[in-house]
Amino acid sequence: MALTLRVVLAASALAFTIGGAEAETLRMLTWGGYAPEELIKKFEAENPDIDVEVTLSNNEEMIAKLRATGGTGYDLAQPSHDRIFAAQKEYRIYKPLDLSKIDTASMTPNLLEGVKENATIDGDVYAVPHQWGTSGVMANMKETEGVTGFGDLCDEKYKGRTSMRLRRTILLGTAFSMGMNPFELYADKAAYQDMLDKVTAKLIECKPIVKTYWTGGDDLSALMLSGEVVVAETWDSTAYKLYNENPDIVFVPPKTGALAWIDTFAIPRGGEADDAAYKWINFVLKPENVKIMSASTGAIAAVPNGIELLPDDKQKAVKAAFTEADLDNLKFFANIPPGLEDMEGIALERIKAAQ
Amino acid sequence: MGRDAGRLSLILLMTPFLLWIGLLIILPQLGIGYVSLREKISYDEFSFGLKNYVDFVSEPVYRNTLFRTAWMSILVTILALIVGFPVAYYIAKIARQKSRAALFLLCLIPLWVSDLVRAYGWIVLLRETGVISSTLVDLGIINQPVEMLYNDATVVMGLVYTVVLFMIVPLTSTLQGMDDALLEAGYNLGGSRFTVFRRIIVPYAMPGIVSGCIITFMLTAGSYLTPVLLGGKNSSWFTEQIYNQFITRYNWEAGATFGVTLLVFTSFVVWLGLKLTGQSLATTVAKD
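In order, the protein sequences belong to chains H and E.
Throughout, this note's numbering is defined as the position within the first sequence, counted from one, plus 40.
Throughout, this note's numbering is defined as the position within the second sequence, counted from one, plus 1.
Calculated directly from the structure, the hints in this document are not laboratory data.
Built from N, CA and C at the ideal position, the CB exists for glycine as well.
Among the hints, a few may not be true.
[Stated by the list, open to error] Sample of chain H residues lacking proximity to chain E, with all beta carbon distances greater than 12 Å (derived):
1) Glu77
2) Ile90
3) Asp91
4) Thr95
5) Lys156
6) Lys182
7) Tyr226
8) Ala241
9) Gly257
10) Lys326
11) Ala335
12) Gly346
13) Asp352
[Said to hold, decoys possible] Calculated lysine-lysine pairs in the DSBU-like style (CA-CA distance at most 30 Å, straight line):
14) E:Lys52 x H:Lys129
15) H:Lys105 x E:Lys94
16) H:Lys295 x H:Lys156
17) H:Lys371 x H:Lys135
18) H:Lys229 x E:Lys41
19) H:Lys238 x E:Lys41
20) H:Lys81 x H:Lys281
21) H:Lys238 x E:Lys52
22) H:Lys359 x H:Lys371
23) H:Lys229 x E:Lys52
24) H:Lys156 x H:Lys129
25) H:Lys156 x E:Lys234
26) H:Lys356 x H:Lys129
27) H:Lys129 x E:Lys41
28) H:Lys356 x H:Lys105
29) E:Lys52 x H:Lys105
30) H:Lys247 x H:Lys229
31) H:Lys331 x H:Lys156
32) H:Lys229 x E:Lys234
33) H:Lys295 x H:Lys359
34) H:Lys356 x H:Lys82
35) H:Lys135 x H:Lys331
36) H:Lys281 x H:Lys331
37) H:Lys105 x E:Lys41
38) H:Lys295 x E:Lys234
39) H:Lys199 x E:Lys234
40) H:Lys371 x E:Lys52
In isolation and in its complexed conformation, chain H is listed as follows (with noise of 0.2 Å):
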């Protein structure tokens, strides 16, 4: 009896050791987009030991999988620049990058200060940058005119007809619109509070002209495309979709800034294919494959020329929306200390409960 379970135990050991050398499995954890089929085949022929899964996701799903699991089911995940601080301290769900194992050099420098500065914690990096866009307005140009940025969502020309989405990105926008500057605000909580309470008196008196609140990408494009709505607050990559639609639609960077986001790359406390992930990230940064990523995300990925090589049409609607100005003028989304977000959730569920 004993014997037989010792030979069926060292058989099943032996049978997992073998399986686990034949193929490694790269789980991912990223957005719609961000893993094309192309790109998953080209990698798996090149690399013909790593199987790769993916698993769609936005930045609040994200942190809370990974929390729920404690870092482990993923091997690779994709938030957003300003979601690694906070969750890291709070949730320990990520591990520090080797960063000599990455192509580092082929990256934006700027972008990669940045997003290093956010996610660096006693002195280990937990984030390297990926792919950015901007969140903004977009306006169809048959029907307003001189849209100029976030205010122009609460002007009483739209009545019913202008939508926005009730997250962050929307206060701090608004706040911008109103000539304040939230970022600076941060470190004072009390100064931050009194921003936040102009800001929803400004959405609860903007709400009649709202026609709704968006909640998804596809929901927004149902809106614009229909005409029911004709200015919303949106993303810039959804917004050269549209263009390509309906040439009448265009994103408008805000005249006090857009405000910028970078999704990164960072590999899950429990990952258990480092060096494919690795690898993964590697190859994603090599300029044939950053076209692929470019055009099946929208968004412009973090390498220098990361313009040029969006295809053709993205590039002509990001040329026909920012000019050199407005990009010098971005808005990087800083890192959120804690206490903020409790603060902002109480003001976007008044906004949303008033009447």
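Fit chain E to the supplied structure of chain H, relying on the hints for placement.
Just chain E, lined up with the frame of chain H:
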């Protein structure tokens, strides 16, 4: 020997049920209750107390959303009863034996499609550029397209549509057990249609009415997709706030508190409903 075998088979039969109740219902509830008592001090530092509950009570937005959710759920329950009762009565008493199964199946068909798809179905019909609005414009009945989404009436209608089946099923099965002789006796003794309905049918159907109401109320208060998708900018629904706390604000403590509060509050509403109508679970839901 015989007794032991009997006991063993009882244990074996009960095991799946006990595992299900214990692992999937009681244990998670205890976990949620535990998390709701945790107070966050700083990164990874917690103490225990009732602060989360105090926060909940002192923030009018949360309180009002809970009351609003409860009151709209009661409205939905009443409407579902008004809509569901005639349907159930027709299926159980008026329709011929043969067509009953077919009618019942017709009621079930919408459930074969997921909640999400049904909600989008309503959106396609009701939006400003949607089917109904553009048809009305084409027919010349209205001049301007009209927006029928994003208000409370749409939410209530969508919810009634989603839950009415759960009212019809228990009502039908209760009414099916009613002997037609009871109705005939009522009419023979000179009762009007209304008297027969009030004195015979309703009391007989009471177990079905109560269990139907409890199920629809609980389902409505706990629904998420329909209010969020159809309600748009004005849909504050309590489950949405639980989602926000857990997912977008990483505040599991507050989310757990809201979850416990919703459970306790809806249970209280059900208890109150039973008291006010003079019913009890023993004489209705658990009746032989």
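Hint-by-hint comparison with the structure:
1. Glu77: holds, 25 Å
2. Ile90: Given a closest Cβ separation of 31 Å, the condition holds.
3. Asp91: Given a closest Cβ separation of 29 Å, the condition holds.
4. Thr95: holds, 15 Å
5. Lys156: Its Cβ never comes within 12 Å of chain E, the nearest being 21 Å, so this holds.
6. Lys182: holds, 16 Å
7. Tyr226: Holds, because the least Cβ-Cβ distance between Tyr226 of chain H and chain E comes to about 17 Å, which exceeds 12 Å.
8. Ala241: holds, 15 Å
9. Gly257: holds, 15 Å
10. Lys326: holds, 35 Å
11. Ala335: Given a closest Cβ separation of 28 Å, the condition holds.
12. Gly346: Given that every Cβ of chain E is farther than 12 Å from that of Gly346 of chain H, nearest at about 29 Å, it holds.
13. Asp352: holds, 31 Å
14. E:Lys52 x H:Lys129: Holds. Lys52 of chain E to Lys129 of chain H sits at ~23 Å (cutoff 30 Å).
15. H:Lys105 x E:Lys94: violated, 51 Å
16. H:Lys295 x H:Lys156: holds, 28 Å
17. H:Lys371 x H:Lys135: holds, 28 Å
18. H:Lys229 x E:Lys41: Status holds; Cα separation ~18 Å.
19. H:Lys238 x E:Lys41: holds, 28 Å
20. H:Lys81 x H:Lys281: holds, 25 Å
21. H:Lys238 x E:Lys52: holds, 27 Å
22. H:Lys359 x H:Lys371: holds, 19 Å
23. H:Lys229 x E:Lys52: Holds, at about 21 Å.
24. H:Lys156 x H:Lys129: It holds: about 15 Å lies between the C-alpha atoms, which stays within 30 Å.
25. H:Lys156 x E:Lys234: violated, 38 Å
26. H:Lys356 x H:Lys129: The given pair, whose Cα atoms are some 41 Å apart, is violated under the 30 Å limit.
27. H:Lys129 x E:Lys41: Answer holds: Lys129 of chain H to Lys41 of chain E is near 14 Å, not above 30 Å.
28. H:Lys356 x H:Lys105: With Cα atoms ~37 Å apart, Lys356 of chain H and Lys105 of chain H exceed 30 Å; violated.
29. E:Lys52 x H:Lys105: holds, 26 Å
30. H:Lys247 x H:Lys229: Distance of about 26 Å is within 30 Å: holds.
31. H:Lys331 x H:Lys156: Holds, because 24 Å separates the two Cα atoms, which is no more than 30 Å.
32. H:Lys229 x E:Lys234: With Cα atoms ~28 Å apart, Lys229 of chain H and Lys234 of chain E stay inside 30 Å; holds.
33. H:Lys295 x H:Lys359: Within the cut-off at roughly 16 Å; holds.
34. H:Lys356 x H:Lys82: Roughly 28 Å between the alpha carbons, so the hint for Lys356 of chain H and Lys82 of chain H holds.
35. H:Lys135 x H:Lys331: Within the cut-off at roughly 29 Å; holds.
36. H:Lys281 x H:Lys331: holds, 16 Å
37. H:Lys105 x E:Lys41: Between Lys105 of chain H and Lys41 of chain E the Cα gap is close to 20 Å, so the pair holds against 30 Å.
38. H:Lys295 x E:Lys234: holds, 27 Å
39. H:Lys199 x E:Lys234: holds, 14 Å
40. H:Lys371 x E:Lys52: Given pair Lys371 of chain H, Lys52 of chain E is violated - Cα atoms ~37 Å apart, limit 30 Å.
Hint compliance for this structure: hints 15, 25, 26, 28 and 40 are broken, all remaining hints hold.
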